[in-house]
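Trainee: Just so you know, the protein sequences line up as chains A and B, in that order.
Quick note: the first sequence, position 383, residue 383 per my numbering, numbers continuous.
Quick note: the second sequence, position 125, residue 125 per my numbering, numbers continuous.
The set of hints was computed from the structure by calculation and includes no laboratory data.
For clarity, every value in this text was computed on a predicted model and none was experimentally measured.
All C-beta atoms in this analysis are idealised placements derived from N, C-alpha and C, irrespective of residue type, glycine included.
Hints may contain errors.
Part of the chain A face toward chain B, derived, beta carbon under 7 Å [to be verified]:
#1 Glu15
#2 Ile17
#3 Asn20
#4 Gln115
#5 Lys129
#6 Phe226
#7 Met295
#8 Pro300
#9 Ile335
#10 Phe349
#11 Pro357
#12 Val369
If you anchor each label on the Cβ, the simulated ranges turn out as follows [unchecked claim]:
#13 Ala52(B) <-> Val167(A): 54 to 62 Å
#14 Thr60(B) <-> Ile48(A): 40 to 48 Å
#15 Leu55(B) <-> Leu208(A): 31 to 39 Å
#16 Ala61(B) <-> Gln178(A): 29 to 37 Å
#17 Ala95(A) <-> Gly149(B): 53 to 61 Å
#18 Asn170(A) <-> Gln73(B): 24 to 32 Å
#19 Ala95(A) <-> Thr2(B): 46 to 54 Å
#20 Val54(B) <-> Arg301(A): 22 to 30 Å
#21 Val167(A) <-> Ala16(B): 39 to 47 Å
#22 Ile48(A) <-> Ala16(B): 32 to 40 Å
#23 Ala27(B) <-> Arg272(A): 25 to 33 Å
#24 Arg301(A) <-> Leu55(B): 19 to 27 Å
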Amino acid sequence: MSALHPPSENLSRTERIALNLYMITGLAVVILMMLGGIAMRMSQGTWIELPPDVFYQVMTAHGAAMVGIAGLTSSAVMWYFLRKYVRLSPGIFLANYVLFMIGAVLILGSIFVLQYGGGWTFLYPLPVKSNGMWSVHAAAGYMLGLVSIGVGFLLFYLDATLAILRVYGNLGRALGLQWLFGGAIDKSHPPTVVASTMVIIANGLGTLCGAVVLVLCLVNAYVPAFELNALIAKNMIYFFGHVFINASIYMGVIAVYELLPRYSGRPWGVSRPFLWAWAASTVMVIIVYPHHLLMDFVMPRWMLAMGQIISFTSGLPVLAVTAYGALTNVHRSGIRWSMPAKLLMLSMFGWAAGVIPAIIDAVISVNSVMHNTLWVPGHFHFYLLLGLWPMLFGFMYHVVRIRGGEPDSAIDKLGFPAYLVGGLAFAGMLLMAGQASVARRWAVHLPEWVPYAHAASIAAILVALATVVFAVRIAGGLLRAPNAGVAH
Amino acid sequence: MTTQGIVWNISLLAIAVIAAAFLYVVARSGAPMPAERVQKTAYGIRRWFFWALVLLGIGTAYATLAEFPVPDQRGQSAGARVVNVVGKQWYWELSEKQFSTGVPVEFRVTANDVNHGFGIYDPDGRLVAQVQAMPGFTNRLVHTFTEPGKYRVLCLEYCGLVHHNMIAEFEVVAARQEGKS
């Protein structure tokens, strides 16, 4: 038990409350937004009827909330483990949550009261050119909500940066760059510090870029003469969006580095390949974003080529270091497959397998016939649903001490395979629809596309039911052991 | 086989290989062996795995980029028929709507309000080419049609509440039939 839950991870009462807020909010939002996703698929399948305006509002909320909550819940993972090595501020952690909730209220109000339906990516100039379908104020409210969330994350990263600098002197040392080309690696250097440093560099830049383009768009909303260059705005938006969602995975994977070794009984420390992987990922996650603009032919050729090639190389650290490292850590270890271990292992599979269709789609000639079909949500649902969220659920199961070495309950034995099968089927149906050229983000599907929506709806319902099982078990754990792990 | 079919098969195969690796490890996880022995073997295999992936990446990059898949955006393609395309909320304007098989068509695509996606679907409903339509910029897409029939243009970039109705049609005729229909 102590090996699974070391005293260094005990929480003060304030910290416990803050972490619980993050976890409960994460569970509630992901389930609500899954219901939104199911409603959209069922409407595309003509099983229910959502008017197009409502469909696109739900789509906007689904995108913004799913990306936001992935970031928020992952940041809880990073905070939980990073605070063992550096001194993080619980106040800033709470401030990030409060700013997120303020942003969420603004976003939901803009969407469901003021009827903003411009998509979560606020692709300039759509938010302010709706052809009379929503007001400039609705768009401004939505963008202000995103700014609020972004400011919260920037505060969190700033706090983490200062804390890391106090201990390690500079970010390069925290990343372990001093050991890339030689020297005896300090095996006690925490992978959590390496991953967190990568995230604050990449997503600090990403979130800052997002804040800048949002402010520019807000100025444009009220001073139309202040026009933006649509291509530059698109670059900035996709840079921000790409880095933000990827940073969520990089924060979430900290749970795997920290927890999987405890369940397998084998250490998983830093090594030279590990440090190279994270150093390279820091650069690659920043420069790979042009793969979102491969169909913008006016982009400089070198950027399009870079988008394709860096997409290939980005797969190397995931496949050859992290996923392979997890397999090595577990192989013939005698691991006990309790829920956290199962979910963390699933997350490694989901991430590794999910990047395959993503990498292939980054080939420019493939992108020509796959971009903005359901192939795209197919691959990101694959590595978010089966990669990122199992990291987060595994972390939550661990933290609330539901398992604690006990055998899984019957409901867990049902929930896990249901989630796995439902997730695979859902992502698989999106990919299958994508290879059949079904367009993405269409409220009304052509008759020949409808069967895909039917199958995806059924799979999505299965995933949502399994997620409810996880949520009930985790919430139950919180209620049974409200003070577990609290420092006295 | 279409590009989509090839991509689908490669993806399935790669995902199946990864799944098999995970299933193998999970199945063998209950028979403990010292970590050092596992690592020695695993890291030896990883070296080969890493370089195999690198070679695969270099080969794929060369095969798919040596002849750059995006047409030069300056000037005009030799012998191509030029068509001006404008995307507007929520319809397409095409300066011409009939083309011949075997003759390259250069679509000069722009938008006058928001971003749209100019996606060309063949008579079987399969996406054969696309390019973004963006205000303030003109993207040049060159495509040579091989199959005659009714083609549709679908918007592939979300552009507002009537996005899904932004559909246009044009016809491709067999080269010798042009002008007779």
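Trainee: Does each hint fit the structure? Answer for all of them.
Mentor: Hints, one by one, checked against the model:
Taking 7 Å as the C-beta cut-off, the interface hint given for Glu15(A) is violated, the closest approach to chain B being about 33 Å. Restraint check, Ile17(A) versus chain B: the minimum CB separation of about 37 Å is more than 7 Å; hint violated. With 7 Å as the threshold, the beta carbon of Asn20(A) stays out of range of chain B, its nearest partner Cβ sitting at about 32 Å, so the hint is violated. Given the 7 Å rule on beta carbons, the hint for Gln115(A) is violated: about 9 Å separates it from the nearest Cβ of chain B.
A distance limit of 7 Å between C-beta atoms decides the matter here; for Lys129(A) the minimum to chain B is near 5 Å, and the interface restraint holds. For Phe226(A), the interface hint is violated, the least distance from its beta-carbon to any beta-carbon of chain B being 15 Å, above 7 Å. Using the Cβ-Cβ criterion of 7 Å, the hint placing Met295(A) at the interface with chain B is satisfied: the shortest such distance is roughly 5 Å. Hint on Pro300(A) is violated. Least Cβ distance to chain B is approximately 10 Å, over the 7 Å limit.
For Ile335(A), the interface hint holds, the least distance from its beta-carbon to any beta-carbon of chain B being 5 Å, beneath 7 Å. With a cut of 7 Å, the hint placing Phe349(A) at the interface with chain B holds, because the nearest CB-to-CB distance is about 5 Å. Annotation: Pro357(A) was flagged as interfacial toward chain B, and the flag holds, the nearest CB pair being 5 Å apart, inside 7 Å. A cut of 7 Å between beta carbons decides the hint on Val369(A): the least distance to chain B is about 5 Å, and the hint holds.
At about 39 Å, the CB distance of Ala52(B) to Val167(A) disagrees with the hint of 54 to 62 Å. Checked against the hint of 40 to 48 Å, the C-beta distance between Thr60(B) and Ile48(A) comes to roughly 42 Å, which is consistent with it. A hinted range of 31 to 39 Å for the beta carbons of Leu55(B) and Leu208(A) is consistent with their spacing of about 37 Å. Roughly 32 Å separates the CB atoms of Ala61(B) and Gln178(A), a value that falls within the hinted 29 to 37 Å.
At about 60 Å, the CB distance of Ala95(A) to Gly149(B) agrees with the hint of 53 to 61 Å. Asn170(A) and Gln73(B) have their C-beta atoms about 42 Å apart, which leaves the hinted 24 to 32 Å range violated. For the pair Ala95(A) and Thr2(B), the beta carbons lie near 52 Å from each other, so the given range of 46 to 54 Å is met. In this structure the supplied range 22 to 30 Å holds for Val54(B) paired with Arg301(A), their Cβ-Cβ distance being about 23 Å.
Between Val167(A) and Ala16(B) the beta carbon distance is about 44 Å. The supplied range of 39 to 47 Å therefore holds. Between Ile48(A) and Ala16(B) the beta carbons are some 34 Å apart, a value that agrees with the proposed interval 32 to 40 Å. Checked against the hint of 25 to 33 Å, the C-beta distance between Ala27(B) and Arg272(A) comes to roughly 30 Å, which is consistent with it. One distance hint, 19 to 27 Å for the beta-carbon pair Arg301(A) and Leu55(B), holds here, with the actual separation near 24 Å.
The structure fails hints 1, 2, 3, 4, 6, 8, 13 and 18 (numbered hints given earlier, in ascending order).
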